[in-house]
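Visitor: Chains A and B supply the protein sequences, listed in that same order. 1 is the number of the first residue of the first sequence in the numbering used here; add one for each residue after it. 560 is the number of the first residue of the second sequence in the numbering used here; add one for each residue after it.
Derived by calculation from the structure, the hints in this document are not laboratory data. In this text the structure is predicted, and so the values were computed from the model without any measurement. For each residue, glycine too, the CB sits at the ideal point set by N, CA and C. Among the hints, erroneous ones may be present.
Some, not all, of what chain A presents toward chain B, calculated at C-beta under 7 Å [said to hold, decoys possible]:
| hint | residue |
| --- | --- |
| 1 | N67 |
| 2 | Y150 |
| 3 | P473 |
| 4 | P475 |
Which bits of chain B does chain A cover? Going by a derived footprint, with three or more residues having C-beta under 8 Å, they are [to be verified]:
| hint | stretch |
| --- | --- |
| 5 | 632 to 644 |
| 6 | 697 to 704 |
| 7 | 746 to 752 |
| 8 | 832 to 844 |
| 9 | 1140 to 1151 |
Listed below are the simulated DSS-like cross-link pairs for lysine-lysine, each with C-alpha atoms no more than 27 Å apart in a straight line [unchecked claim]:
| hint | chain 1 | residue 1 | chain 2 | residue 2 |
| --- | --- | --- | --- | --- |
| 10 | B | K1137 | B | K1012 |
| 11 | B | K1008 | B | K1137 |
| 12 | B | K932 | B | K1008 |
| 13 | B | K932 | A | K432 |
| 14 | B | K926 | A | K447 |
| 15 | B | K724 | B | K926 |
| 16 | B | K1012 | B | K932 |
| 17 | A | K447 | A | K432 |
| 18 | B | K1137 | A | K432 |
| 19 | B | K1137 | B | K724 |
| 20 | B | K1138 | A | K432 |
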Amino acid sequence: MILVWLIVIPLATGLIAGLVARKNALLCRWLSLFATVAGFLISVDLWVRYYPHISLLTQEQWIAQINVPWISGFGIRFHLAMDGMSLLLVTLTFLLGIVSVMISWREIHDGVGFFHFNLLWVLAGIVGVFLAMDLFLFYFAWELMLIPMYFLIAIWGHERRVYASVKFFLFTQLSGLLMLVAILALYFAHHAATGVYTFEYDALMHTPLAPGTEMLIMLGFFVAFAVKLPMFPFHTWLPDAHTEAPTAGSVILAGLLLKTGAYGLIRFVLPLFPAAAHRFAPIATALAVAGILYGAVLAYGQTDVKRLVAYTSVSHLGFVLLGIFIGTPLAIAGAFITMIAHGISTGSMFMICGMVQERTHTRDMDRLGGLWETIPRLSGSAMFFMLASVGLPGIGDFVGEFLVLLGTYQVSHMLAALATIGVLCSTFYGLKFIARGFHGPNRNQWKLADLSAREILLMGAMIVVALWLGLYPQPVLNTFAPTGQRVDQAFNGPTMAKLQGGVKMVPASVAGPAEFAVSAPMLSQTPRGPYRQDRAASPAGAPAVALALTHTGSAGGKR
Amino acid sequence: MFHLLWLVPAIPFAGAALLMIFGPRMAHRTAAWIGCCSIGISAVISMLIAWQFLHQPPAGGSYTQHLWTWMSVANFHLGISFYLDALSLIFMLVVTFVSFFIHVYSSEYMRGDEGFSRFFAYMNLFVASMLVLLLGSNLLLLYLGWEGVGVCSYLLIGFWYTDPKNGLAAQKAFITTRVGDTAMAVGLYLLFRQLGTLNIQSLMQAAQHQWPHGSVYATAAGLLLLGGACGKSAQLPLQTWLPDAMAGPTPTSALIHAATMVTAGVYLIARTHVLYSLAPTAQLAVAVVGAATLIAAGFAALVQDDIKRILAYSTVSQIGYMFLGLGVGAWTAAIFHFMTHAFFKALLFLASGMVITSMHHEQNIFKMGGLRKELPLAYWAFVIGGCSLAGLPLVTAGFYSKGLILWGALSSPVGSATLWFFGVIGVLMTSLYTFRLIFITFHGPCHHKPSQKTGWLMGVPVIVLMTLSVVGGFVELPSYLGNHPWFTNFLQSALPATAEGHAPLTELGAEGIVVLAFFLGLGAAWFFFLQRRELSESMAGSGLGRALHRWWYTDWGMDWLYDRLFVRPVGWFSRTNKKDAVDLIYTGTAAVTRSGWSSLRLTETGRVRWYATALVVGTVIFVLIVALL
Chain A
1 MILVWLIVIP LATGLIAGLV ARKNALLCRW LSLFATVAGF LISVDLWVRY
51 YPHISLLTQE QWIAQINVPW ISGFGIRFHL AMDGMSLLLV TLTFLLGIVS
101 VMISWREIHD GVGFFHFNLL WVLAGIVGVF LAMDLFLFYF AWELMLIPMY
151 FLIAIWGHER RVYASVKFFL FTQLSGLLML VAILALYFAH HAATGVYTFE
201 YDALMHTPLA PGTEMLIMLG FFVAFAVKLP MFPFHTWLPD AHTEAPTAGS
251 VILAGLLLKT GAYGLIRFVL PLFPAAAHRF APIATALAVA GILYGAVLAY
301 GQTDVKRLVA YTSVSHLGFV LLGIFIGTPL AIAGAFITMI AHGISTGSMF
351 MICGMVQERT HTRDMDRLGG LWETIPRLSG SAMFFMLASV GLPGIGDFVG
401 EFLVLLGTYQ VSHMLAALAT IGVLCSTFYG LKFIARGFHG PNRNQWKLAD
451 LSAREILLMG AMIVVALWLG LYPQPVLNTF APTGQRVDQA FNGPTMAKLQ
501 GGVKMVPASV AGPAEFAVSA PMLSQTPRGP YRQDRAASPA GAPAVALALT
551 HTGSAGGKR
Chain B
560 MFHLLWLVPA IPFAGAALLM IFGPRMAHRT AAWIGCCSIG ISAVISMLIA
610 WQFLHQPPAG GSYTQHLWTW MSVANFHLGI SFYLDALSLI FMLVVTFVSF
660 FIHVYSSEYM RGDEGFSRFF AYMNLFVASM LVLLLGSNLL LLYLGWEGVG
710 VCSYLLIGFW YTDPKNGLAA QKAFITTRVG DTAMAVGLYL LFRQLGTLNI
760 QSLMQAAQHQ WPHGSVYATA AGLLLLGGAC GKSAQLPLQT WLPDAMAGPT
810 PTSALIHAAT MVTAGVYLIA RTHVLYSLAP TAQLAVAVVG AATLIAAGFA
860 ALVQDDIKRI LAYSTVSQIG YMFLGLGVGA WTAAIFHFMT HAFFKALLFL
910 ASGMVITSMH HEQNIFKMGG LRKELPLAYW AFVIGGCSLA GLPLVTAGFY
960 SKGLILWGAL SSPVGSATLW FFGVIGVLMT SLYTFRLIFI TFHGPCHHKP
1010 SQKTGWLMGV PVIVLMTLSV VGGFVELPSY LGNHPWFTNF LQSALPATAE
1060 GHAPLTELGA EGIVVLAFFL GLGAAWFFFL QRRELSESMA GSGLGRALHR
1110 WWYTDWGMDW LYDRLFVRPV GWFSRTNKKD AVDLIYTGTA AVTRSGWSSL
1160 RLTETGRVRW YATALVVGTV IFVLIVALL
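This is chain A alone, in the form it adopts within the complex (with noise of 0.2 Å):
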C-alpha cells in the first residue's frame, strides 16, 4: 500500500492545492510542499529500513509491492513494485518536487493553483513511472506525465513557451505512440507464444522471440527511451523546452523527465529484449559518444545560459546511455550513479539561471557578466555547480562518469578515449558560463540581491548531496546493486557475464533463503546480522572491505 499512497499523496493533494489556490495561494504553496515532504520522507523512511538488508535481497524480490486485477479482460494489472533503482529515483524525484515547490514560491504569481496541480501531477506520473510494473500501467503514467508537463511549459514559460510546449509535446508523443505500438506486439507476442495475455513485467520478460520481431519491438521502446533521454539525434526538443520553460519545469524536466527514459532503458530494453540489445549496442554507444561531444560543443556556443545548460544535459545523458549499453555492471552503476548527480547538479544549475534571470530578467551572457561582484553567494553556487557539471573529482557526477569511462574502456578503447575528451569538451563550456556570467568587469552596474534564506537552503542542500555523492556514493551503489545484478544477469547471461569479466554479486555467503519476504512493513521486523554494508557488491568471499589496499585485484575480480 504504501507505493499507493506515494502516488496518492501527490494526485490528492493536487487537487486539492489546486483548488483551495483561488482563495489562499499561500495555502497551496504550502499544501504542495507538504506532500512533495511528505513522500520525500516515505521515500527516505523506506530507504533507511531497507538499506540494511540488501544483501539479503534475491534475484526475484521487491522492496515493497501492490499487484491487483485492474481490467482483467485484457490482462491488465494494477501492479506497483519498487527495489533499490525505483526507490532512489523515487526519492530524487520527491526531492526534486520540493525543490520545485520551492523554487516557485517567489516566481510563480499567475495561476496559482493549476500551476501546483500540473506540478504535482507530473511528479505523481514521474513516481507512477518509475514504479509501475505492468507495461499497460507503465504507459498509462508515461503519458500522465507528458500533458501537465505540456502545461507547465506552455503556460508559465518563457518567450517561445508555445513553440517549445509544442515541439515537446510532439517529439514525446509520437516516440511514446511507437513505444505503445511495440508494447501491443509484445503482448500479442506473448500470447500467440504461450496463450496468455498479460502486460506484466516478469511474465513478458520471457517471451520467446523471433530475432526480427525482437528488434523491432525492441525499437519501439528504445525510440521512446531515446527521444526522451535525449540521444543524439533526437534531442532538439530539450534545448527549447528546458529554455522556455519555468524554473522548477526546468528542474524537473532536467532532474527527472530524462531519467524516465534511462530508467526505461534499464528497466525494460536491456532485460527484456537482451539479444536484441545486444545487437543494437555498436549503433547506441556510438550515438551516446556522439552526442557527448556535440552536446559539449554545442553547449560552448550558446549565448542563453538556460540553453548552454540544456545542452549540457544532452553531453551527460550521452554518459548514461553509453553506460547503459556497455551494460557492464560497473558501467551500467556508472550510468545510474550519472542520473541521481546529474538530477542534482543540473537541476540545481537551472535553479541558478532561474535565480539569475528573476533578478536580472535576461539569460543572455552578453548582457551578464561581473555578477560575481554584487551576488558572491549565488555566485559561488554557480561555480560549485559548474566544476560539478565538468567533472571535478568529489562532486558526484564524477563518480558516475568515470565508472562509465572505466567500464566502457573494458570494451572499447576508442569510445573511451573519445568520450573522455567529451570530458574534456566539458570545461569549454563551463569556464565560459562562468566567464561570461559571473566573471568580468560589472558592466551593466548589476546591483543584485544575493541569495535569501530560502535559496541558501536550497542550493546549501544540494551542494551537500552533490558531495556526498561525490564523496561516499557506496549507499546509493549498494541500493542499486540489485537491480544492476539482476539487469547484468538480464542482459548479459550467466556465460555473457563471465566473458565480460563481471563479477557477480550474487551474496551467497549471506543470502537468506528465498522466503525471506521482503516488504516494507516486515523489514522493520526483520533484523538479520550485523550491518554489512561493505560486503554488499563485493563478491562473495571477498575481505568486507573489499579495498584493494592489501590485496593485488580482489580475490575473483582479476582478468
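Mind docking chain B on chain A? Use the hints.
Guide: Structure of chain B alone, referenced to chain A:
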C-alpha cells in the same frame, strides 16, 4: 602519531570550508588567522608524523590509513585512504611548510584586497587538495587531488576576476592541464583493465609480476601518465599555460605555480616509477621531454621583460631538470631538486612580490633598476635565490640537487652524454637569465623610487626561505664532498637507488664542467647586462636578433600554433552551429508539412464549380487508369 595523518589534509579543508561559508562577512584579521593557522597546524602534525617516521619507522616503510569505502562495484573497489611512505612524507613536509610561510606572507601581501577571505579559502583548499594528491593511496584519489589543485589554480589565476585577461589566463591553464588529464584518465582505465586495481602499491606489484620488461602496456600506461604529468607540470608540449598563470596574485604564483602544484607531475612519475622501469621507451620519453623543455624554456626566459614571466619560464625549465632526473632513473635526485626548487623558487617569487608591491605593481624589469639599496631584503633574497637557482657551487642548495641530476644523466645506464650536455647548456642558460634579471632589476641606474616598505609578515617568510635555500642542500653531499647521501638513504625505502653505469667522466670532472657553465653564464650576464648593456641591446636590435627575440618571447610561437589548430576551429564550429544543424531535420519536416498544408489549402476555395470540375477530372483519370490497366 600516524593515525593523525588524515588531519593533515582535513584541517586545511575545514579551513577552506569555514572561509567559504562565513568568509564574506568575516573580518580580514579573522580570515587570515583561520587561513594561516589551519596550514600551521597541518604543518606541525606533519612534523610530528615525520619525527615518528624517523624514529619508529612503520613496518615495511609505509603506513596506510583507511578512512572509508569510496566506491565498490563489481570488481572495482576503491577506498578513501591515505598512504604514507618516505616519498609522500618528503612532499607533505615541503608542501605544508612552504605553504605555511606563503600564507603568512599573503596575510600582509593581500591586505586590503576585497577578496581577502576568498583568497585564503582558495589557498587552503589548494593545500588540502595537494595533500590529498600526495597522500592518496590509489590513483583515483590522487586524481581527485590532481583535479582539485587544478581547480584551485584556475580560481587563483583568475582571482582578480574583473579583468577578463586574468579570466582568460585562468581558463587557458585549466583547459591545458585538462588536456593532459584526459590522457591520464585513459591511462587509469588501461591500468585497471590490465591489472584489475587502481591502488598504487598493488598496481606496482602487479605490474612487476605480470608485465615483462618493455611491455607494451607498461609503455602505453607510462606515456599516458606522462601526458598528465606534462599538463600539470607545464612540460613540452603543454607548457604554454604556466607563464600566463602569472596573472594570479604573487603568493599564488609562489605556492602553486612554482613550489608545489606544478611539481605534481614529478610526484606522479616518481610514485609510479615501477611502470617506467618496465618501459624504457616511456622513461626515455620522460627524459627527452625534460631535456627539451629545460632548453626551450631557458631561451624563452632569456628574452622576457616581465619579472614574473622570467621566473615562470625558469620554473618550467627547472621542472624540466626534474623530468630529466626521473627519465634517467635518478629518482631521488629529482625529488631532491623538487625540494630545493620549492625553497628557492618560492623565495624568488616572494621577493618579486616585494619588488612589485614597492613598484606600484610594475612588473617590467626594464622600468626598474638600481633597487639594490632601496630594497635590501628583496635584493639579497634574489641574490641567494638566484644563486641557488643557477647553482652557485658549494654554498647553495640548487647546486647540489642539480648536480645530482646531471651526474645521473651522465652516469646512469639509461642516461647519455647527449642528455647531460643538454643539461649543462641549461645550466649556462639558467645562470645567464637569472643574473640578467638580477642585474637589470637591482643594479644600474634607478628609474623609479620604490615607495612603501614591507612589514615583518612578508619579511620573515623570505628570511626563512633564504636560509632553506642555502642549507637545504646539505642533506645530500656528493662523493667528492664526503659522501653523505642522507636524503637518498631516507628515500631508499620508497624509491630505488640510481643505477651506476659507465660514465666517460669522473663525478668531480663532470661537476667541474657544470661549474664552468655556471660561471660562463654569470660572466656573460655581467658583461652584457651590466657592463656593456648597449651590446645586448644592439644584438637584440639586429634583424636576426629581433626575429629570435620575437620567437622566444612568444615561447617558440606555440600559443599561436595552438590557437590556429584548436582554439579557433572549435570556437568557429560551435558559433556557426549555435542553432544546432540537427534541428533542421525536424524544423524541415515541419516546414514541409506546413507548405503542403498551405498549398493544399489553396484548393479549398468554396467555389462549387471548381469542386465539380475537380471531381469530374479526378473520376476521368481514375477510370482511365483502371481501363488502361
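Visitor: Each of the hints needs a verdict: does it hold here or not?
Guide: To see whether the hints hold, each was checked on the structure:
no. : hint              : result
1   : N67               : violated (31 Å)
2   : Y150              : violated (17 Å)
3   : P473              : holds (6 Å)
4   : P475              : violated (10 Å)
5   : 632 to 644        : holds (count 9)
6   : 697 to 704        : holds (count 4)
7   : 746 to 752        : holds (count 5)
8   : 832 to 844        : violated (count 0)
9   : 1140 to 1151      : holds (count 4)
10  : B:K1137 x B:K1012 : violated (53 Å)
11  : B:K1008 x B:K1137 : violated (53 Å)
12  : B:K932 x B:K1008  : holds (11 Å)
13  : B:K932 x A:K432   : violated (46 Å)
14  : B:K926 x A:K447   : violated (39 Å)
15  : B:K724 x B:K926   : holds (22 Å)
16  : B:K1012 x B:K932  : holds (13 Å)
17  : A:K447 x A:K432   : holds (22 Å)
18  : B:K1137 x A:K432  : holds (15 Å)
19  : B:K1137 x B:K724  : holds (25 Å)
20  : B:K1138 x A:K432  : holds (18 Å)
Going down the numbered hints, you'll see the structure goes against 1, 2, 4, 8, 10, 11, 13, 14, while the others check out.
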